[in-house]
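Engineer: Sequence:
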Amino acid sequence: MYREKIVSVGEALSHIHQGDRIMTSLCAQAPFLLLKNLHKVAGAGVGFKIYSNMDLFNYPYLVEEKYRGLIDVDSLFEMDGDRAGHRKGIVNYVPGHLHDGSWRWADYYKPNVFIGAVSSMDEHGFCRFSLSNIHEKEFARRADVVICEVNPNLPQVNGDTEIHISDIDYIVESKEPIPVLPETLKLSKEDEAIGGYVSTLVNDGDTIQLGIGKIPDAVANGLMEKQDLGVHTELMTDAIYRLTEAGVVTNRKKTLFRGKSIATFALGSQKLYDMMHQNPGVWIMPGDLVNDSHIIAKNDNMVSINTAIEVDLTGQVCSESIGTLQYSGTGGAVDTSAGAGASKGGRSIICLHSTAKKGECSTINAMHTPGAIVTLSRNNVDYVVTEYGIAPMRGRNIRQRIQNLIAVAHPDFRTEIRKDAEKYQLW
Numbered sequence: 004m005y006r007e008k009i010v011s012v013g014e015a016l017s018h019i020h021q022g023d024r025i026m027t028s029l030c031a032q033a034p035f036l037l038l039k040n041l042h043k044v045a046g047a048g049v050g051f052k053i054y055s056n057m058d059l060f061n062y063p064y065l066v067e068e069k070y071r072g073l074i075d076v077d078s079l080f081e082m083d084g085d086r087a088g089h090r091k092g093i094v095n096y097v098p099g100h101l102h103d104g105s106w107r108w109a110d111y112y113k114p115n116v117f118i119g120a121v122s123s124m125d126e127h128g129f130c131r132f133s134l135s136n137i138h139e140k141e142f143a144r145r146a147d148v149v150i151c152e153v154n155p156n157l158p159q160v161n162g163d164t165e166i167h168i169s170d171i172d173y174i175v176e177s178k179e180p181i182p183v184l185p186e187t188l189k190l191s192k193e194d195e196a197i198g199g200y201v202s203t204l205v206n207d208g209d210t211i212q213l214g215i216g217k218i219p220d221a222v223a224n225g226l227m228e229k230q231d232l233g234v235h236t237e238l239m240t241d242a243i244y245r246l247t248e249a250g251v252v253t254n255r256k257k258t259l260f261r262g263k264s265i266a267t268f269a270l271g272s273q274k275l276y277d278m279m280h281q282n283p284g285v286w287i288m289p290g291d292l293v294n295d296s297h298i299i300a301k302n303d304n305m306v307s308i309n310t311a312i313e314v315d316l317t318g319q320v321c322s323e324s325i326g327t328l329q330y331s332g333t334g335g336a337v338d339t340s341a342g343a344g345a346s347k348g349g350r351s352i353i354c355l356h357s358t359a360k361k362g363e364c365s366t367i368n369a370m371h372t373p374g375a376i377v378t379l380s381r382n383n384v385d386y387v388v389t390e391y392g393i394a395p396m397r398g399r400n401i402r403q404r405i406q407n408l409i410a411v412a413h414p415d416f417r418t419e420i421r422k423d424a425e426k427y428q429l430w
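Per this note's numbering, numbering of the sequence shown is gapless, rising by one per residue and ending at 430.
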């Protein structure tokens, strides 16, 4: 059955027709060979709509202006490729929560073609969406045509990741390299300070959600002396890998999926992917389960640790835009913060440097930059952490919030921020 379905890239893409609605697999699970050639369909005069997400590369269909109007691209979370296309007017951002990423969007978009990457087939006839199952299985299930790029470089990861060969219409074999990130990042003293403060808010036996980047790496460093942490996170990263290898993450105390590290997608180093391969302690599950705040809340002592671009003095958080410029997306920020807030003993923590633009501006201000998107309501934040300390938010009135946030703002801006608070009668 497998051999009968193998086709060339050109033949696979020939099954895309005028007006088709295409959904792809995401991020490190993307069908890189097929996406590199997808523009050729439009070059033949066939127009289509593609629903994309977390594109790591500047594919021709994303950035070449000659495809504008012929290929319509909606992005559910912008990364490098999407940002480049957005600037050219080719890519449009779709607001939404990560937990909406499967059946809700499937109901709305009604995709009829799915293009995805999968791992090699096992002896039972199953391939796997190993590094992302935010919505991959659901969209593949609903599509009329399923085209899969089988890549042996993808690990085989447990969870709810399987797709049977009988559910795939066309196979393109590929050996495209899987994107890898450095195992560690060079951290600043500000990063390390933030990580140290966050570590005081995490207790032995807590279950954590952690993002990606320098601050999450610093947080992981700060957690190295903890014991029996659990993982329920949208994104599996090298920070989680290091905590697991150090024996800090055991998942023994979890009240949901005990013994398992749960995520819905992964991005990191080859060591991370190798650790995930056939590991019974790591599950990749659908995004509408992993990021359902009601499911997250079933983990007692759930700690959500997210980063932000800026915070206003009442505690509203922008984590997706720089002014009016869409930079990333809402993603799972609201899902995880709300889930942690509803968890017995849970906490929602927001981390950011106190300044941006090499110290030229404060990230804590009386009001957000004009046009900035409020990602998290002030009701969803328990703590704001900068390199200057911890600002408690939960249960605090506006005056107390202002005082706490000014205390963790950069000293060079505190007087100005205080004056603005008085000017705008925030307290």
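Just so you know, the hints here were simulated from the structure itself, not pulled from any lab data. Honestly, I wouldn't trust all of these hints.
Quick list of in silico lysine-lysine cross-link-like pairs, DSS-like style, CA-CA up to 30 Å [claimed, not checked]:
(1) Lys217 x Lys360
(2) Lys274 x Lys347
(3) Lys361 x Lys263
(4) Lys301 x Lys361
(5) Lys52 x Lys8
(6) Lys256 x Lys347
(7) Lys301 x Lys229
(8) Lys347 x Lys301
(9) Lys301 x Lys256
(10) Lys8 x Lys39
(11) Lys43 x Lys189
(12) Lys274 x Lys39
(13) Lys8 x Lys43
(14) Lys360 x Lys426
(15) Lys192 x Lys217
(16) Lys360 x Lys91
(17) Lys229 x Lys178
(18) Lys189 x Lys229
(19) Lys301 x Lys360
(20) Lys426 x Lys347
(21) Lys256 x Lys274
(22) Lys39 x Lys52
(23) Lys192 x Lys178
Computed spacing ranges between beta-carbons, pair by pair [as the list claims (entries may be wrong)]:
(24) Gly48 x Arg90: 19 to 29 Å
(25) Arg90 x Met4: 40 to 50 Å
(26) Gly128 x Lys360: 48 to 58 Å
(27) Ser123 x Gly13: 18 to 28 Å
(28) Arg402 x Arg71: 44 to 54 Å
(29) Gly250 x Gln281: 13 to 23 Å
(30) Glu363 x Ala249: 57 to 67 Å
(31) Glu419 x Met227: 33 to 43 Å
(32) Met227 x Gly392: 19 to 29 Å
In this text the structure is predicted, and so the values were computed from the model without any measurement. All C-beta atoms, glycine included, are put in the ideal place defined by N, C-alpha and C.
Engineer: Under the constraints set out in the numbered hints, which ones does this structure not fulfil?
Structural biologist: 2, 3, 4, 11, 17, 19, 20, 23, 30
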